[in-house]
Amino acid sequence: MSRMKFKALLPAALLLVVACLAYSDFESARNQALPWMNPVVLPGELEAMAWVRQNTAPRAVFVNDIFGGEFLMGNSLRESAVGGDWAIIPGVVQRMHDVQYSFYEAETPEQAWETAKKYGAKFVWAPQRQVFPGYEWVSVNQELFDPQYFRLAYSNPDVKIYEVLE
Amino acid sequence: MNERLPLAFLLAAVALSLYGHSMVFNEWVMPTYGNTMIHVASARHAIETGEYPMWNDYSYGGGQPNLYVPLYRFLYAELVALTGLSFDLVGRLIVVLYALLLPLGFYLLGRELAGEWAGVASAFLASLSPELLIYTVRPLPQGLGLALLPIGFYFLAKKDLRASVLSAFLIVLAHQEAGVFFVGCAFAFGALEVARAFLAGKRVFAESMPGFAAWGAGTLTYLGWHFFAVRNLDLFALAQFQHHEGAFVSLQLLYDKTGLVLLALGALGFALLAYKALENKLKAPGVFALSALLVGLFCIKNDLFGLQVFMDRFIVFLHVSMIPVAALALKEACSFSGKIDERIRTRLSRGG
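As you go down the protein sequences, you meet chains A and B in turn.
The first sequence begins at 1 in the working numbering and counts up by one.
The second sequence begins at 1 in the working numbering and counts up by one.
In isolation and in its complexed conformation, chain A is listed as follows (with noise of 0.2 Å):
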């Protein structure tokens, strides 16, 4: 065998064994970063931003979830009540936890409506998926909307848009 064949054996099989092990890191990598591609949101929920486009006014605030306010904002440059960047929001963890149990987690559609008006929230998003307001996910309470706080404005399968009632 010749010298530099022989001189290059362990680098290698060091090496070998260095980029079997890497090739399992890489899969793990590929794998844990997978489910930060689910884009949580619907495709309704994409197709309702042209109607809030026409049909209210720039910057008007919404109930929502983090995740579909967020994208409320980013494709409509309308608001939300919870969603964004939290730094400097005075009172930002009573305003999750309202959002949340107040609102859609409330007993009563009464307690919801109470919760939208005191953010200010002329609008509703009720996607058909579960909602993360701030602590924990869960599904939209449909019999929230009752007709004598909110109006039903807008409905496609993905979600529905409700406005909140004087």
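Incorrect hints may appear among the rest.
Listed below are several chain A residues computed to face chain B (Cβ distance under 7 Å; list not exhaustive) [what the hints assert, rightly or not]:
| hint | residue |
| --- | --- |
| 1 | Asp25 |
| 2 | Ala33 |
| 3 | Val40 |
Calculated directly from the structure, the hints in this document are not laboratory data.
Virtual Cβ for every residue (Gly too), placed ideally from N, Cα, C.
Given chain A, put chain B in place with the hints provided.
Just chain B now, kept in the frame of chain A:
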């Protein structure tokens, strides 16, 4: 050896990075996890109204100043304006840009630390970190900060004063945590260079200047931005500090988020650097690498120092420090195994 071989391997590392990041095209819409869309809102507002929403952010019902550093949002808006492409597609293409920049930046940094092949190894190792992929596979300012960090570190390790200061300015305005990490590493580098210059009888001021200048430039840039946005310098009033956002980092968590190869080689590289430092044999790039590792470790365990903020979020920044050091360790391990080969060959030839 063929001089083009390292280049060929570097291109392979770039291809691997692009493949790793290609999942950004998997879904019908760009990733939404991690507040990606709040940056789209500011960029879209700038394009549709011609003004940046500096004094009325969209977050949490609006009405507050836009404290988030703006470089990524400006870049996003410029790219949409220049190309005419949709925000969604531009967001995904920004991820492709990160996928290209990462291996190239780590190549430069690894090469500065331990030569050409360490640079190539560094470019490959950059694709192994789950955290680095998770933060750069989404259109986020974190991704921009992480893509710029290895390049900024390269200039620091080279002691290129102007480029280091410019890097500090850009990284701080790209992403707050990346900026904190960069200025922390720059300061630690300056401090360790003071010690090294003193022990070696060199000029302390000249040796430590690039680190301290980058630290000063980055710190002043952020403080200036913060004061401009909110008219105070009370950094600890931010919700992230007030509510201690972030999780504690255990060894198991560190392993899960780092992977076997990077963790093992990073630990070996750290030991090698520490040994050389104790022997007073480290040159400036080695001192920088050691500084960045120490700052990374400090950041992931900042709860031990009373801060308790973003500990787990800093794991990815520790990885930026670890990757070139792991490449150094791999190069040294190959060199060492080559020497063992040589000894075996010598003994066999004597015996034969």
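Each hint, compared with the structure:
1. Of the supplied interface hints, the one on aspartate 25 of chain A holds, with its beta-carbon coming within about 4 Å of a beta-carbon of chain B, less than 7 Å.
2. Annotation: alanine 33 of chain A was flagged as interfacial toward chain B, and the flag holds, the nearest CB pair being 4 Å apart, inside 7 Å.
3. Because the smallest distance between the Cβ of valine 40 of chain A and any Cβ of chain B comes to about 6 Å, under 7 Å, the interface hint for this residue holds.
Violated hints for the displayed structure: none, as all numbered hints are satisfied.
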